[in-house]
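Protein chains in written order, with this note's numbering: chain G, 1 to 351; chain D, 1001 to 1351; chain B, 2001 to 2351.
Keep in mind that the hints were calculated from the coordinates and are not lab data. Here a beta-carbon is modelled for each residue, glycine too, at the ideal position from N, C-alpha and C.
Derived DMTMM-like pairs: lysine to aspartate or glutamate, alpha-carbon spacing no greater than 25 Å straight-line: (1) G/Lys3 <-> B/Asp2301; (2) D/Lys1188 <-> B/Glu2015; (3) G/Lys184 <-> G/Asp53; (4) D/Lys1022 <-> G/Glu194; (5) B/Lys2003 <-> D/Glu1295; (6) D/Lys1003 <-> G/Glu194; (7) B/Lys2231 <-> D/Glu1194; (8) G/Lys138 <-> B/Asp2187; (9) B/Lys2007 <-> D/Asp1306; (10) D/Lys1138 <-> G/Asp58; (11) D/Lys1007 <-> G/Glu204; (12) G/Lys3 <-> B/Glu2326; (13) D/Lys1007 <-> G/Glu324; (14) D/Lys1007 <-> G/Glu295; (15) B/Lys2003 <-> D/Glu1194; (16) B/Lys2063 <-> G/Glu111; (17) B/Lys2007 <-> D/Glu1326; (18) B/Lys2003 <-> D/Glu1204; (19) G/Lys57 <-> G/Glu141; (20) G/Lys22 <-> B/Asp2187; (21) G/Lys22 <-> G/Glu119; (22) D/Lys1188 <-> D/Asp1058; (23) G/Lys7 <-> B/Glu2295; (24) G/Lys63 <-> D/Glu1141; (25) G/Lys22 <-> B/Asp2058; (26) B/Lys2170 <-> B/Glu2095; (27) G/Lys3 <-> B/Glu2204; (28) D/Lys1154 <-> G/Glu324; (29) G/Lys7 <-> B/Asp2058.
Facing chain D, according to a computed beta carbon distance under 7 Å, are these residues of chain G, among others: (30) Glu33; (31) Phe195; (32) Arg205; (33) Ser217.
Over the 10 Å line for every Cβ pair with chain D, so calculated as not near, a few chain B residues: (34) Ser2018; (35) Glu2054; (36) Thr2158; (37) Leu2248; (38) Thr2302; (39) Pro2303; (40) Arg2304.
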Amino acid sequence: MAKISNKINQGNYFEDFSLNQKIVHPLPRTISEGDVSLYIALTGSRFALHSSDELAKDFGYEKRPLDDLLMFHLTFGKSVQDISLNAIANLGYAEVSFPNPVFIGDTVRLETTVIGLKENSNGKSGNVYVHSIGYNQKGQEILNLKRWVMVHKKNPQTVLGLNSVPSFEKTTPLPKELNIPTVKSVDKQLTGGEFVWGDYEVGERLNHIEGITVDDSDHTLATKLYQNNAKVHFNDHMMKQTPMNERLMYGGHVISMVRTISFNGLQNAQWIVAINSGAHANPTFAGDTIYAYSEIVEKIDTPRDDIGLLRIRTVGLKNITPQEVESPFEEDGKYKKCVVLDLDYTVAILK
Amino acid sequence: MAKISNKINQGNYFEDFSLNQKIVHPLPRTISEGDVSLYIALTGSRFALHSSDELAKDFGYEKRPLDDLLMFHLTFGKSVQDISLNAIANLGYAEVSFPNPVFIGDTVRLETTVIGLKENSNGKSGNVYVHSIGYNQKGQEILNLKRWVMVHKKNPQTVLGLNSVPSFEKTTPLPKELNIPTVKSVDKQLTGGEFVWGDYEVGERLNHIEGITVDDSDHTLATKLYQNNAKVHFNDHMMKQTPMNERLMYGGHVISMVRTISFNGLQNAQWIVAINSGAHANPTFAGDTIYAYSEIVEKIDTPRDDIGLLRIRTVGLKNITPQEVESPFEEDGKYKKCVVLDLDYTVAILK
Amino acid sequence: MAKISNKINQGNYFEDFSLNQKIVHPLPRTISEGDVSLYIALTGSRFALHSSDELAKDFGYEKRPLDDLLMFHLTFGKSVQDISLNAIANLGYAEVSFPNPVFIGDTVRLETTVIGLKENSNGKSGNVYVHSIGYNQKGQEILNLKRWVMVHKKNPQTVLGLNSVPSFEKTTPLPKELNIPTVKSVDKQLTGGEFVWGDYEVGERLNHIEGITVDDSDHTLATKLYQNNAKVHFNDHMMKQTPMNERLMYGGHVISMVRTISFNGLQNAQWIVAINSGAHANPTFAGDTIYAYSEIVEKIDTPRDDIGLLRIRTVGLKNITPQEVESPFEEDGKYKKCVVLDLDYTVAILK
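Okay, chain G solo, but in the shape it has when bound (with noise of 0.2 Å):
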C-alpha cells in the first residue's frame, strides 16, 4: 500500500487565515505578446490604445500598454491558490485601482494582506477580507484592490468569535495626478468612436448592441492563461455532482465580456481608472449570450486638456438584450435571473 501523501495544497481554509497576515502570492509572471494576442481572441476586445504600438505613440506611451483589464486577470490569478480555492462565494470589490501602466515584457506578482476576518452565523463559515498590492519587476505598484470571500471551515463545531469588518470607501479614492501620459494627437478615425468627455450627460444609458456568445473552450483557456485555478470553471466531473451541474465561467472574464461590448459607445475611453464596486449577480454558463448597457453615473473633470472622468455603471446581461431590461433589479430589490454583471467603474476618456 502505497503512502498517501500529505503534501497536496489543499488550499486555505477559513482557520488558516489571521489578521495582518502578509501572503507572497507565487507564480510571477511576464507578460508576452502572446497574452495580449489571446486577450483579443478571449474577449474580441477593440480599444485602439491596445492594439497598436503606431496609435499608442499618438498617445503619449513609447508603446502599446496592456488593456487593464488583463493586467488585473494575470495579476490577481495567482492569488486563487491562497485565498479562494476553498471559497463558498466571491462577494465583492471595493477601491480596485491601477497606479502604473504595465508593458509586454514587465513581469508581475501579487501580495496580499488579511485586513478582515468575520466568522459567519452558522459557524460554517467565514469571510476574509484581504488588500492585494500588484508590483511590476521595477516593484512598482500596479494593482491595488480589496475583496472578501467566503471560505469553508475545517471544523464547524470550532467557534472563534472572529468579528473584524474593515470598512471601503464607496468609491475608489482617484490619484492625485492621472498616471497617463499627455495625449500628443489622436485621430478619433482611429479609435473608432468620436464621442469625448464633454459628449456624455449623467444619466444617459447606452445600449450596446453586441452580444457574444461564450463557450466553454472559450472561457477555460482565458481562466487557464490567467493560472487562475479555481476548480469550480475546469472540473465539469466534479460540477456535474452540483446544482450546478456545470462548469462555472470566471467572472473575471465576464467583466472582460461586458468591457468588451462596451467599445461601441465608449471608444475613447480607453483607460479604467478604478473599480469601485462590483457584483456577480448571477453565473454565466457555456452558451450563454452576453449583452451589456451602460450608464453615466458621474462626470468628473479634471485640470487636464486631454483628458476627463466619467464613472459609468455598466450592467451584464445573459440571453436578452439591454433594451428589454429597464432596471437590474426585480421588484423585491433582487437582482433579475437575467443580470450577471453590476460594475460600478471610473474611466478616462478624450476630451
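We have chain G already, so just place chains D and B on it with the hints.
Positioned in the frame of chain G, the structure of chains D and B alone reads:
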C-alpha cells in the same frame, strides 16, 4: 427614466454611402508573435516559410514573413464596422493583391473608397462596391482589394435611383515584378514537399486528403482575433431567431482552413500573389468538417529562375471527401450544397 | 475529366521504411512568445520557472526557458507526416531526454533514423522503431527519443520477413552532468510549493486534487499549434465512420494535462530530465475530465547542492478521482478503462 443615448454606432446603411466616399477604418493593429502562433493553432497552417526564421533566411528574407491570409484577416477585419455590419451578404471579391510582405512588429491599417452603388429592385437593399487599401506603418501598400456587399436600406420606401456598377478584371493584374526576394537555397525536405512549378500541369486536380472539423470556439476565436465584429459570427442568441439558427462561420476562416488543407500537394506554394475571385457558395457552421480539392487552372512563367506562378481553383467542401465531388455545380448550374468555397487565386511556387 | 494528381503525400506505409533510413522532417519551427502563452492557456501549466523571466534569473537562467513538454510537442509534431500518418497505434516511447534548454526565439527541427522493423504475423501491418533527434538553430541537441508505432502495410499479401527489434533501456541513461544552471536563490513562496528533494520518500503517493475537463477546441488547438497533422485528431467526419465515433485526443496533450495537474504536490520539480517510458492506456475524448496521481519510484542524488532527481510514475485518469483508484490495473493485469496514461519519468527538483 434614463435617457437612451444615440452614441451607439449602428453601422452604415445603404443610404449612408456615397460615391467616391473615403473611409479611414479604425483600429490599426500591431502584429505580434501571438497573432502568428494563434493563426497556426486556429488553422493548423504548415507552410514552412511562415514557421521558421531560419528557413525564411534560406528563402531570402531577414525573418519569417506573415502568412498572407493572416495579414488579410487582421487588416480586412477593420472594415467590418464601417462597411458590412448591416450587410445581408458578402457578394464577392476581386483584384486582391499583396503588394509587400508584412512582418511581426509591423502595424497595419486600412482605408476604403466607395467605387459603386446599385439600388436593388426590391427597394429594400443595395449593393455597395468598395476599393480598400491596407498600409503598413511606413505607408507601404500591403493589401489591395475590391469587394461588394449587399446592405440593408434604412428606409425601403425611398428610391434613390443609384445604379453605378464598376467593372472588375477577371483576374488580378499581376505586378511587373514580384515582391519576393530571390530564393537563396531551400532544402525541400524542410518545406515538406518535393514538387515544384515544372511538375504541375494545367488541368491537374489535387484531391487533398485532410479534413478538419471546425468548432464554435475555433472560428469565434479566429474572428475575434481579427477584431472583425460582424454579429452573425458571435451572437448565438440573435442567430437562434433567424433561419440559420446558429452562429455562421466567418468566410475568411473558411478560406484559411481550405488553404491549410491544400498544403498537402502544394507545399512549395508559399506565397499568395493574388485572389482573382471568390465565392462563399454555402454557409459553414460549427461541427462541419472542411475538405478541399485544387485544380491547376493556368501556369504563368516569370523571368525568374527561382519562382513561377500557378493560377489555382480550390474548392472547399463540407462533410464530403473530394473524391465524391466531381463538379461543384448541380446540373442546373447552381452550387451543390456541400460546396462552401470556390476560390480562384494565383500562387508563387518554387521552381 | 480532370487528371487526378499523384502529388498528394499519402504518408509512409510499412513497406516504405528501410533499416537505417534517415529522414529529415519538414517544418523547422521558430518558437515564439505566442507558443508559450498558448501552452499556458491550453494546459493551465503553472510551473514557475517557465512563467517568469525574473524568477528564471533566480534559477540561474538568462530568461525563462521553454517548458520541456511544449518543446517536445513542437519538435515531435514534425515527425507525424513521415512516421505516423498511417499509424494504427503509437506503441511506446523510450529513452527520451532533453539535452539542452530551449528559449523563445530558437528554431527547432527534427531528424529520424529507422532502427527497427518488425512485420506482424497477421501480414497487415508492421512495427516501425525510430530514433529521433531534435536540434536547435545552433545544431545543439535539444531532444532525443526513441519510439515505435504500428503502421499499415500497403499490400497485406507481401511477406517481407522483417524482424529487427532494437532493445531499449528500461530507464533513460542519465547524463553525467545535468544541463541545468546552478540555482542562485529561489524564494519558494514564488514557486508555489515548499517541498524539496529531501522531503519526498520512495513509495509516497500524491493524489493530485485538480481535475481538468478537455473540450474539442482545446485539444485540436493544441495539436494544430504543434503542426501535428494526424487525421484522427481533427476529422470528425472520418472518425464518425470508425468505432471511436469521434475525434481522438493527441496523446501528447494528455501528457501535458497530467503534468499540469501534478503541479500541486511537485511545484519545485521544474525540469523533466527524462521520460523513461509511457503508455497511452486508453483513449481520451472531448468532455473527459483528467485527473492524476503520482508515485515516487526512486530518489536519485546528484553531486549538486541545489538539485536532486526523482523518478516518478504519474498515472492519468479520466472521470474518476485518484482516491478511487488504488491500482491502474484490473485483476487480469490489463489497464483499467479509466486509465489514460502511465508515465515513468525523471524530474529534477530543488534541494
